[in-house]
Each structure stands twice: as structure tokens, then as C-alpha cells.
Amino acid sequence: MLITAIPKVRLIIIGDEILSGRRQDKHFSKLVELLSQRGMQLSGAEFISDERDVIATTLARSFATPDIVFCCGGIGATPDDQTRQAAAQALGLELVLHPEAARLIAERCAENERRGQGSGDMSLPENQQRLQMGVFPTGAEIVPNPYNKIPGFFIANHTFMPGFPVMAWPMMEWTLDTRYASFHHATTRVEHSFLAFRLPESRITPALEELELKWPGVKAFSLPSMGDTGHPHIDLGVKGEPEAAAEALAFLRAEVVRQGGQLTPPEK
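The opening position of the sequence shown corresponds to residue 1 in the UniProt record's numbering, with each subsequent residue numbered one higher.
Keep in mind the hints are simulated off the structure, nothing from the lab. It cannot be assumed that every hint is accurate.
What the hints assert, rightly or not - Okay, derived cross-link-like pairs now, BS3-like style, lysine-lysine, Cα gap no bigger than 27 Å in a straight line:
#1 Lys149 - Lys26
#2 Lys30 - Lys149
#3 Lys30 - Lys219
#4 Lys239 - Lys219
#5 Lys30 - Lys239
#6 Lys26 - Lys214
#7 Lys8 - Lys219
What the hints assert, rightly or not - Derived DEER-like restraints, expressed as beta-carbon distance ranges:
#8 Arg52 - Phe194: 20 to 30 Å
#9 Arg52 - Ser193: 39 to 49 Å
#10 Ser225 - Asp177: 49 to 59 Å
Keep in mind the model is a prediction, meaning the values are calculated, not measured. Glycine residues also receive a C-beta, built at the ideal position from the N, C-alpha and C atoms.
Working from the sequences, and respecting the hints, build out all of it.
Structure follows, in C-alpha cells:
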């Protein structure tokens, strides 16, 4: 029987530049990849604007769930970066400068000075502005950023990261491996599929419904397509615990034949 106590994993992408098409999202496919490597899966994703009230409303709804949530974008210190403020608003918390974040940001400024890029004097206006990137909701924990040390933050099972993949992806990995290692490969799930020809989807649908009743832990899917075969077909399959999925797959293949479908492409 499948374990059902594992929280759902979701992704929230924040940024007008994604919605307008000025930049293309890369986080969705990467998170799917990272989760798959750990025997986990993504349950949902949202793409929202930089507007603070929109972010706050989305986060308030999200914080009310037990889900594991990754949020990318909007944690910088320019006017269009509103995620930190929206998270605090959604939680009803104050924003405070995190001492460890302040230390890391100061270290980064000092490193830049040694490279001849700016000053490490934290009293300067530009460095005071940089410190805003370490202002998080009260009680937040930092998320290490190996790229440039300027951290993200974690609160209420939500991990907040920059929009830049070079920063966000290592932070995703660190979070999955540090906070959620107990969920890695906690369930064994498989996916099987096959192509069915000369069978309308409406005819096989009752069998899909019956399958899910007989094997409650198994999900059936049906994807009609022209495909590469040159023949209309349906990609039929099942997902779930190995033994139950194998039984359900055999049932589904038999139903296709019983309903007059074919498991091989028709001859030309």
C-alpha cells in the first residue's frame, strides 16, 4: 500500500518577466528532475506577478497547507522585489534583519572589495541597501547560497530563493537533502504505458474508471495523439505501487483487446 503521509511538493514562480515572456522559466523542469532523482514528485505549480497583494494572497493560501513549497523570485532589494514583504504580510509577521544573513552579506561585500569591486564598508548607502536582502519575516531561517553567499530564507515549510537558476538550483538541492531527506524514496512508484490503436477514448474510459476502483492506489491516464506512427492512437498507462500497477496494466491491456482495439499499429 502506498504511503500517503508524504506532503505534496509545489512550486511558485514569481515575476512579471516570466508572465510577459521576457524570460523563460527554467525552474519547473529542474525541480521535477531533482525530485525524481530522490523518488519524489511535483504536485503543482503556479506562476504569479510581482504585485505584493497577489503574492501575499497566494502565500496565505499556501501557508495554510502542509505542503512543501519552493518559491522562486522577488527576494532582492529593488522596488519590484516584493516577495519578502508579501511573505511577512501573509504570516502577519514583522520583517527583521537576520543576523546570519547580515554577516554573509558583509562577507560578500568584503570579497567584492578584495576583487576591486566596490567597498566592504557596510555603512555606505549601497551596502546598507544590500543588507535589505537579509531582511526576512521574524523567525525565518536562512537557506545557504553557494553562488554568492546572499541567502534565501525558509519559513513555514516554504523555501524562498532568487529567480536566478545558478543560485536557486543549489538551494533547492540543499533544501531537499537537508530538510526533507526522510522523504527520499519513501515510496516506490512506477509508471507503465502502451499505445492502443483503433479504439476511441470514449470506449475505454469506463475501463479506466473501473481500474481505479479495483486498485485505489493506482492512477490511470489516457493521452490521445497522432504521434510518430502516422496512425491515431491513445497512450494508455498507469502509475502507482509496482505490484498493483502491474496488475492494473495487465487489466487495461486486456480491456483494450476486449473492446476491439489493437496493441500494434494497423498495417498500411
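Go through the numbered hints given earlier and state which of them the structure violates, listing their numbers in rising order.
6, 8 and 10
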